[in-house]
Amino acid sequence: MATYNVHVTIENKPGISDPEGETILNDLVLKGTHKTVSKIKTAKMLKFTIKEKDKKTAESKIKEICDDLRIYNPMVSKVTIDVFDA
Amino acid sequence: MSLEPQELSELKSKIGREPTSTELQIVAAEWSEHCSYKSSKRHLKMLPMKGPLVITEKGYDSGVLDVGDGYVVTAHIESHNHPSAVEPYGGAATGVGGVIRDILSAGTRPIAIFDGLRFGDIEKDQQARWLFKNAVTGIADYGNCLGIPTIGGEVEFDECYENYALVDVAAVGFGKKDKLIKNHAKKGDIVVLMGGSTGRDGIGGSQFASDSLESEDRSAVQIPDPFIEKLIIEAILEARNENVIHAMKDLGGGGLSCAISETADALEIGIEMDVSKVHTRESDMHPDEIMVSESQERMLIVTSKTKFKKLQEICKKFRIRCSIIGKVKSDNQMHIKKGKKTFAHLPTDVVANATLLDLPSKKPSYLKTIEKEKKLKTISDYSKTMMKLLASPNIASKIWVYGQYDHEVGIRTVVKPGRDASVLRLDHGKFLSVKIDGNPKQCYINPREGAIGCFEEACRNVVCTGAKPIGMLDHLQFGSPKDPEIFWTFLESLKGLTDFAKDFKIPCVGGKVSLYNETPVGPIKPTPLIGVIGLIDKQPQIPQKIIDGDYLIIVGDTKDELGGSEYFEYIHKLIGGKCPTVNFSESKKNMKSVLEIIPKQLLKSVHDCSKGGLAVAVSELSLNNQIGCKVSLDKVPGKKLAVDRVLFSESHSRYLLIFDKKNLSKVEKILKKNKTSYNIIGKFGGDKIQFVNGKKSVIDLRVDKAQKTWLNSLRDLVLHG
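As given, the protein sequences belong to chains B and C, one line each in that order.
When the letters of the first sequence are read in order and numbered with this note's numbering, they come out as residues 1 to 86.
When the letters of the second sequence are read in order and numbered with this note's numbering, they come out as residues 1001 to 1721.
These are computed hints drawn from the structure, not numbers from a lab.
Some hints could be false.
Claimed, not checked - Below are the DSS-like pairs computed for lysine-lysine, each with C-alpha atoms no more than 27 angstroms apart in a straight line:
id: 1; chain 1: C; residue 1: 1502; chain 2: C; residue 2: 1362
id: 2; chain 1: C; residue 1: 1495; chain 2: C; residue 2: 1362
id: 3; chain 1: B; residue 1: 44; chain 2: C; residue 2: 1230
id: 4; chain 1: C; residue 1: 1058; chain 2: C; residue 2: 1329
id: 5; chain 1: C; residue 1: 1588; chain 2: C; residue 2: 1640
id: 6; chain 1: C; residue 1: 1230; chain 2: B; residue 2: 41
id: 7; chain 1: B; residue 1: 63; chain 2: C; residue 2: 1133
id: 8; chain 1: C; residue 1: 1277; chain 2: B; residue 2: 13
id: 9; chain 1: B; residue 1: 31; chain 2: C; residue 2: 1277
id: 10; chain 1: C; residue 1: 1362; chain 2: C; residue 2: 1045
id: 11; chain 1: B; residue 1: 78; chain 2: C; residue 2: 1133
id: 12; chain 1: C; residue 1: 1317; chain 2: B; residue 2: 39
Unchecked claim - Now the in silico label distances, taken between C-beta atoms and shown as ranges:
id: 13; chain 1: B; residue 1: 14; chain 2: C; residue 2: 1341; range: 24 to 32 angstroms
id: 14; chain 1: B; residue 1: 1; chain 2: C; residue 2: 1482; range: 53 to 61 angstroms
id: 15; chain 1: B; residue 1: 15; chain 2: C; residue 2: 1626; range: 51 to 59 angstroms
id: 16; chain 1: C; residue 1: 1341; chain 2: B; residue 2: 85; range: 40 to 48 angstroms
id: 17; chain 1: C; residue 1: 1127; chain 2: B; residue 2: 48; range: 18 to 26 angstroms
id: 18; chain 1: B; residue 1: 38; chain 2: C; residue 2: 1404; range: 33 to 41 angstroms
id: 19; chain 1: B; residue 1: 48; chain 2: C; residue 2: 1378; range: 50 to 58 angstroms
Unchecked claim - A partial selection of chain C residues facing chain B, derived with a Cβ cut-off under 8 angstroms:
id: 20; residue: 1087
id: 21; residue: 1130
id: 22; residue: 1201
id: 23; residue: 1221
id: 24; residue: 1225
id: 25; residue: 1281
id: 26; residue: 1282
id: 27; residue: 1574
Values in this document were obtained by computation on a predicted structure and should not be read as measured data.
The C-beta atom is built at its ideal place from N, Cα and C for all residues, glycine as well.
Kindly produce the complete structure, drawing on both the sequences and the hints.
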């Protein structure tokens, strides 16, 4: 068994609006001098530390947990899972 | 896409050619049940819509009532059932947004929000708890951000809503009569789209709402943005004051397709628009997508070229985008272009008026036996039953829900939620009382009497505040109308509502029909929801603290009507029995008496008997005032009944009047003069809720213990399962 850090990023699906990101872009970033920025998207990240036999199992286990416990709504959110060695 | 084959051939014969893909999208959106009311419209005409206070104007999305001194009140009801069932937070929030823009369209400021929520059995079903919790948060977040108080509503749980949600939102607006938008347009006027950008969210939402919820793979999810909505409200109201709006419509179901075709049809004009002028969220959107996108927080405005400058200034001030997307023509066509290329060119009356259906109906077979009662198990301890009822999700205090809503912002709220109906102060010294009510359990047993019962209950609630009902909103929610048995229940409910509205002279000022509410386990129970708007000329009945020695009178007879009651369904798990029936003349008499006593300021509190019957109604008074009471069941007017029936019957037209002993003769004088059926049934005092039958004790509960259960059980259930 090895220890892995698993990062779960939850964001709105592409095409679904993201008022928080748009507000940060329009009312904060673009109001300054940072005119090269064209888009900001907000997301939520959960960082899990898990002991599993390999990377693949760690990823599928975390996916299962997030699905079961309704940590995100599959209708709205896109979920990306990244696994790192601890 | 949901144009049926015969609809497609009809469209072809009407326009005399093959429709383009954009035309197909537009027509499919507009001819969907959600936008066209094709199954119900033919029948909705039976409702009385006119009255001395009703102001009608073409193209209004909300009902307008004249409340005197140059002021008007607007009201509208909408539902967001399908979107809320898949994404409760966003679905419920955008539902609030939609109905608020309908109020705004008439040129009035939204001043209050009401919501009626229905979910599956939250005691057993985790999904129902998840839906409930998130829908409530969605409404709270959206309403609170806008600074509009959410002051009333109702919450109910029933197994028929398994894996589903009914989220109904009503809103009330207030404004000056001379500032109402008189929708008009003439050739050469320009068409402006203001508000949020158009994106791919909610594409096909109205068709989605007109299909049963089978698969979850839909894109009809909408993300709420209350801050843009707030800016839109302020910008529109300023534009209204500057007289720069000729006509206005909010973009709801069907997006631009519906807004353009309905505006053009209502105003008898043509509109030519260019989709490349619409401000979009993504650059690669196809004209079809732009036309049917249901992105939230958008308004369509018709104005003149000269006034546009002012409108643009206002939009700039509030930092809202606005784009000229088209112009008004006189050819009664909707002409959709992208640059120079035409994508759709259709007569507006063809688009805006789907062929109405005349669906068959048949009395459901289950109704033959439903009124027969099965033998009930005997109950030895009614105190225990009472505690169980006070803890049940349908009866327990809803403070966990309305506690999350800001119900005082705007400083109009005179009577707060948690009582019968909330009361709002208006600017000209009058008061407004509004309540929404539904009862699917009774409507299932008897669709006609159940619907009338909802109507009367909503009336009762506003009457308890001293308000005279002046208008009604109906929201009719049923399963698939293609099932003749379901359609029969729709028609019966509608006929019942029509009879009551005509008899009581309460016009229907607005409404909505939501069909195809089907869950994976079948259709929902018939769920008409009725909103009643009441007006108080002078002082509302503001509940005062009940103290030791205060008297309790019940007005109205208690009958053997326990079908659909919480006692039968929750305690005995029995669906059936006789549905409570409203006797119109009795109902009128009781209403009249209560409305005659209230202005004399003789009463401390007035409460109606509804869910859970007399036992629950009296207990609520005790629990709200933290005082005991002693009620004699043998004194309750009506035919002699077994004690459990007197306690828990949900007969209509009953009011509880609480007053100081010294006012007894004055109260009785009015009741006697009107030949009202009533009796003194008890007194308040002590620290126990007691119901006795003669000398025999039936229920004996400590107020503090009962209060703890009643106040906390819903919250505990939601948060801890």
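Status of each hint after checking the structure:
Taken as a hint, the residue 1502(C) and residue 1362(C) pair is honoured in the structure, with Cα atoms around 25 angstroms apart against an allowance of 27 angstroms. Only pairs whose Cα atoms come within 27 angstroms are accepted, and residue 1495(C) paired with residue 1362(C) is accepted, the gap being roughly 15 angstroms. Between residue 44(B) and residue 1230(C), the direct Cα distance comes to roughly 26 angstroms. Compliance with the 27 angstroms bound is thereby established for this hinted pair. Pair hint residue 1058(C) plus residue 1329(C) holds up; C-alpha atoms about 18 angstroms apart against a cutoff of 27 angstroms.
Between residue 1588(C) and residue 1640(C) the alpha-carbon distance is near 24 angstroms, which keeps this suggested pair within the 27 angstroms criterion. Only pairs whose Cα atoms come within 27 angstroms are accepted, and residue 1230(C) paired with residue 41(B) is accepted, the gap being roughly 22 angstroms. A threshold of 27 angstroms between alpha carbons decides the hint, and for residue 63(B) with residue 1133(C) the separation of about 24 angstroms falls inside it, so the pair holds. Restraint check: the Cα-Cα separation between residue 1277(C) and residue 13(B) comes to about 25 angstroms, which is no more than 27 angstroms; the hinted pair holds.
For the hint pairing residue 31(B) with residue 1277(C), the CA-to-CA distance comes to about 25 angstroms; that is within 27 angstroms, so the pair holds. About 21 angstroms separates the Cα atoms of residue 1362(C) and residue 1045(C), which keeps this hinted pair within 27 angstroms; it holds. At most 27 angstroms may separate the alpha-carbon atoms for a hinted pair to count; residue 78(B) and residue 1133(C) meet this at roughly 22 angstroms. With a C-alpha separation of about 24 angstroms, the suggested pair residue 1317(C) and residue 39(B) falls inside the 27 angstroms cut-off, and the hint holds.
Between residue 14(B) and residue 1341(C) the Cβ separation comes to about 27 angstroms, which falls inside the hinted range of 24 to 32 angstroms. Taken as a hint, the range 53 to 61 angstroms holds for the pair residue 1(B) and residue 1482(C), whose Cβ atoms sit roughly 57 angstroms apart. Separation of residue 15(B) from residue 1626(C) is about 53 angstroms and conforms to the stated range, judged on CB atoms against 51 to 59 angstroms. The hinted window of 40 to 48 angstroms between residue 1341(C) and residue 85(B) is violated, with their beta carbons roughly 56 angstroms apart.
Range check, residue 1127(C) to residue 48(B): Cβ separation about 25 angstroms, and the 18 to 26 angstroms hint holds. Remark: the range hint 33 to 41 angstroms for residue 38(B) to residue 1404(C) is upheld by a beta-carbon distance near 37 angstroms. Look at residue 48(B) against residue 1378(C): about 55 angstroms separates their beta carbons, and that is inside 50 to 58 angstroms. A hinted interface residue such as residue 1087(C) counts as satisfied when its beta carbon comes closer than 8 angstroms to some beta carbon of chain B; here the least separation is about 5 angstroms, so the hint holds.
Because the beta carbon of residue 1130(C) sits about 6 angstroms from the nearest beta carbon in chain B, less than 8 angstroms, this interface hint is met. Look at residue 1201(C): its Cβ gets to within about 5 angstroms of chain B, closer than 8 angstroms, so that hint holds up. Given hint, residue 1221(C) at the interface with chain B, holds; its Cβ is 5 angstroms from that chain's nearest Cβ, closer than 8 angstroms. Because the smallest distance between the Cβ of residue 1225(C) and any Cβ of chain B comes to about 4 angstroms, under 8 angstroms, the interface hint for this residue holds.
Among the interface hints, the one on residue 1281(C) holds; its C-beta lies about 6 angstroms from the nearest C-beta in chain B, closer than the 8 angstroms criterion. For residue 1282(C), the suggested interface contact is upheld, since its CB lies about 7 angstroms from the closest CB of chain B, less than 8 angstroms. Residue-level restraint check for residue 1574(C) is violated (minimum Cβ-Cβ distance to chain B is 34 angstroms; threshold 8 angstroms).
In this structure, the hints that do not hold are numbers 16, 27, in rising order.
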